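Given chain A's structure and the hints, the job is docking chain B onto it.
First to last, the protein sequences are chains A and B.
With the numbering used here, the residue at position 100 of the first sequence is 100, and numbering never jumps.
With the numbering used here, the residue at position 115 of the second sequence is 115, and numbering never jumps.
Because the hints were derived from the structure by calculation, they are not lab data.
These numbers come from a predicted model, not from an experiment.
Warning: the hint list may mix true and false statements.
Identical chains blur together in the list; that is why a pair holds if it fits in one copy or across any two.
What the hints assert, rightly or not - Under the rule of at most 25 Å between Cα atoms (straight-line distance), these lysine-lysine pairs were calculated in the DSS-like manner:
#1 K103 to K189
#2 K43 to K103
#3 K189 to K43
#4 K189 to K178
#5 K43 to K80
There are 2 protein chains.
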Amino acid sequence: MALGVAALPFTFVVHALGIFLLVLVLVWTIDFRGGFAWEATNKSLIFNIHPLLMLIGLIVIGGEAIISYKSLPFTKEVRKLIHLVLHAIALILGIVGIIAAFKYHNESGIANLYSFHSWLGIGIIALYAIQWIYAFLLFFYPGGPVGLRTDCLPWHVVLGFLIYLMAIGNAAIGFLEKLTFLENSGLAKYGSEAFLVNFTALITILFGAFVVFSVLSQAPVEEDQGYSPI
Amino acid sequence: MALGVAALPFTFVVHALGIFLLVLVLVWTIDFRGGFAWEATNKSLIFNIHPLLMLIGLIVIGGEAIISYKSLPFTKEVRKLIHLVLHAIALILGIVGIIAAFKYHNESGIANLYSFHSWLGIGIIALYAIQWIYAFLLFFYPGGPVGLRTDCLPWHVVLGFLIYLMAIGNAAIGFLEKLTFLENSGLAKYGSEAFLVNFTALITILFGAFVVFSVLSQAPVEEDQGYSPI
Chain A
1 MALGVAALPF TFVVHALGIF LLVLVLVWTI DFRGGFAWEA TNKSLIFNIH
51 PLLMLIGLIV IGGEAIISYK SLPFTKEVRK LIHLVLHAIA LILGIVGIIA
101 AFKYHNESGI ANLYSFHSWL GIGIIALYAI QWIYAFLLFF YPGGPVGLRT
151 DCLPWHVVLG FLIYLMAIGN AAIGFLEKLT FLENSGLAKY GSEAFLVNFT
201 ALITILFGAF VVFSVLSQAP VEEDQGYSPI
Chain B
1 MALGVAALPF TFVVHALGIF LLVLVLVWTI DFRGGFAWEA TNKSLIFNIH
51 PLLMLIGLIV IGGEAIISYK SLPFTKEVRK LIHLVLHAIA LILGIVGIIA
101 AFKYHNESGI ANLYSFHSWL GIGIIALYAI QWIYAFLLFF YPGGPVGLRT
151 DCLPWHVVLG FLIYLMAIGN AAIGFLEKLT FLENSGLAKY GSEAFLVNFT
201 ALITILFGAF VVFSVLSQAP VEEDQGYSPI
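With the rest of the complex left out, here is chain A:
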């Protein structure tokens, strides 16, 4: 299923869309929603940490982690290190972001874990962590036998992809869920904030698509750039 075009232009689009996403979520959470706080009487400020960290963590840094292994002009060992460190940062931000959502719920008297967004989110973060730990042990330290690495590598790639695409989908679900709550509380359905949130969700999906294009197209240097288990 590899695409016969160079990966590099796609990776530039990923970086640009990632910065754009960061701007969009900051405009939304700060300008429209009043900013952030870990402790506050206005509990909405605690919630705002959630979309910020999930988007920067799992989506943007997670996406950069995926393409880094393929596209950076370093040795395999260095790329592997960057790949696993970026995924670790994504995972930690994701966990803190989820804690912020629970904290907001608990302090506002809102029920936990009733929505599909929360179910899927818990599943994704658990799979993300399992995938990270398993790959660390197998491919980095202490490292498994070569045969096992060779057998597991395509699964690592495919399952990692599915987890990432579920994260993209769940981010879009989260934007829609929050917007629906706000619209039920009187926010204009065709207003500027509704447009901004929907647009951010759309750019999130586009970001995910370009991560996919980057990984499925051709690495800059042919040798030492393919997926190899060692």
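This is chain B only, laid out in the frame that chain A set:
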């Protein structure tokens, strides 16, 4: 990114999950939501057509269309015909399902096209139609030059995949959106209907994952089963 295991067991899981999805959506729309009607004073019966046709069409038949080209034990021409006919059925059911949503909105005085689910849905059905028409002309009738077919085939596969995964994601978004509306109107957040709808969304994503596994693993007969542009 191919998986070194046989596709056949995965395709059986796809069929089983597809039947399960059909049962789940029928139980929800009939037992919990009162069934279907194209003309009715109870406008909810018009809405119910929407999740039914989208799920059977774009998701289940669309998924079967994707795996049919890879896994059925027929000649390439026959598989291609099955592939394009199933996708045509999926597309038609999807279009009728979207019309049902507009009809429900219009007759109930609900605004159209304000939610991310609707934006994404319009985008997906348009891309699905473009992908079908372009592929029909290029790969089936009248058929493009061999060089163009060879160049376009990986894009057909990758873009088709992305469109399908967006459809899976948007189905999950749709379930969540409808459930949020119902919960805002008093439906119990931890009740049996909420559980059923969330569970259906979860099985939808699992169905999509097994379609991906089926396509990325090994076809039953090696010769004449790979992706070839002719």
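Verification of the supplied hints:
Taking the shortest alpha-carbon separations for K103 and K189, only the inter-copy value of 19 Å comes in at or below 25 Å, while the best intra-copy value is 28 Å. Proximity of K43 and K103 under a CA criterion of 25 Å is satisfied intra-copy only: 9 Å inside one chain copy versus 39 Å between copies. For a Cα distance limit of 25 Å, the shortest separation of K189 from K43 qualifies both inside one copy, at 23 Å, and across copies, at 21 Å. In the homo-oligomer, the alpha carbons of K189 and K178 lie at most 25 Å apart both inside one protomer (13 Å) and across protomers (16 Å), since each shortest distance falls under that limit.
When the C-alpha separation of K43 and K80 is checked against a cutoff of 25 Å, the pair qualifies neither within a copy, at 40 Å, nor between copies, at 56 Å.
Hint violations for this structure: number 5 only, all remaining hints satisfied.
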